[in-house]
Every structure is written in C-alpha cells, then in structure tokens.
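With the first letter of the sequence shown counted as 1, position 170 gets the number 170 in UniProt numbering; the numbers rise by one all the way through.
Hints in this document: simulated from the structure, not taken from any laboratory. Virtual Cβ for every residue (Gly too), placed ideally from N, Cα, C. Be aware that a few hints might be false.
As the list claims (entries may be wrong) - What follows is a set of in silico ranges between Cβ atoms, one per label pair, in the way DEER data are often shown:
no., residue 1, residue 2, range
1, Leu-69, Ser-155, 18 to 24 Å
2, Glu-90, Glu-168, 31 to 37 Å
3, Leu-160, Tyr-134, 20 to 26 Å
4, Arg-171, Lys-66, 17 to 23 Å
5, Tyr-164, Ala-83, 39 to 45 Å
6, Ala-107, Ala-167, 20 to 26 Å
As the list claims (entries may be wrong) - Computed list of lysine to aspartate or glutamate pairs in EDC-like fashion (alpha-carbon distance at most 16 Å, straight line):
no., residue 1, residue 2
7, Lys-137, Glu-108
8, Lys-66, Asp-116
9, Lys-137, Glu-168
10, Lys-66, Glu-114
11, Lys-58, Glu-108
12, Lys-58, Asp-75
13, Lys-66, Asp-102
14, Lys-58, Glu-90
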Amino acid sequence: MISLCIGMLFAACSGKPLEQTEPAVSAAESTEASFSWESPVESETDQQLPNMLYARDKLFVSTGRKAILTCGTADGNITSVTAPNQEPSENGQANFGSVGADYVSAAEHAMAVEIDGIYILFLTPGWTEYQGQYFSKEELSPDTLTWLDNYYSLSKEEQLAISYIPAELIRQEEPPLVTETK
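Make a model of the complete structure from these sequences and hints.
Here's what the structure looks like:
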C-alpha cells in the first residue's frame, strides 16, 4: 500500500500519466465523445452516443460518475426518449433510460440524473467537475486537465491517497468577517 501511494505521488508530480490496466475515460472524453459538437442537434449517427439529457434549453452529457448533490428535490423528469444514436433536442428528452426518471440541477452547467437508483453527473460540453466544484475547461490549464484525466482513472482508494491537487482546483474560501466589539 505504501509503495502504491509513493508511486502515485511520483506519477502525479512528474506529470506522466499512470499506467492503466483498463482504458479510462478522460475528463475531455467524458463530456466530448467521438462525434462533433457542431453537428446538427437532430443528428443521427450509426454509433451509440454517450447518455445525454436536454433540459433548461441545454444539452448535458454523462460523465459516468456519481453526482454530489446538495439538494434532493427533482427539478424535472425525462418526458421522452430518443434513439441511443440521436442527440436529444427538446427539454425533458434523453437518449437513454425511461420516461419518468428524475433529474436534479446540480449547478448551472451540471445536472444529476437518476439511473438505477443512483444519481449520475451530467455536464454541458466544455465543463468539468472536481469534488462538487464546476469549472469551464477554458479556465483551466492543460496540466490541470491532464491531472483530472489521471485522477478520474484512479479507484476511490487511490484518489484518497493523492497528496497533490492543482491550485486551480482548490476551493477558495472567503475569510471570515471580523467585526469590532466595544
């Protein structure tokens, strides 16, 4: 276990990707599949697309990761389902699942969709997430995006052993207000 932690520390600090025995989904791939986002909304392809939901006039794409929710009240539910190879184009429409499945807004660019009793995180293209915080990929450095790719390829136990987190991802807490007392 100690050697695993040391190996992960060196891999994280060296910037080299960790060796993987299984293919991992990168942070970029989790929200941007092998199709073009410039394609028409009503496009159909021969290949199955990632799970998608259209809600609040936006397209949300599954990350495949469990969502961190701060509220459990459903904002809506899936009202219609398209073919798995078609992008949804109407509010409440998905290309997976079943009619009636709940979804919850997690943030402006994030949605949590209930799949088999578990809420899965969906993001709008161009956005990523780290521990319940949402970031535009344009605002993060390439090194941080690579770090996120490596991080999400690790098991939960390996993620807990990480000793380095890019500064861009560290939550900036507001200092407490100091009031004078007389």
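Task: Violated constraints from the hint list, given by number and in increasing order - done: none
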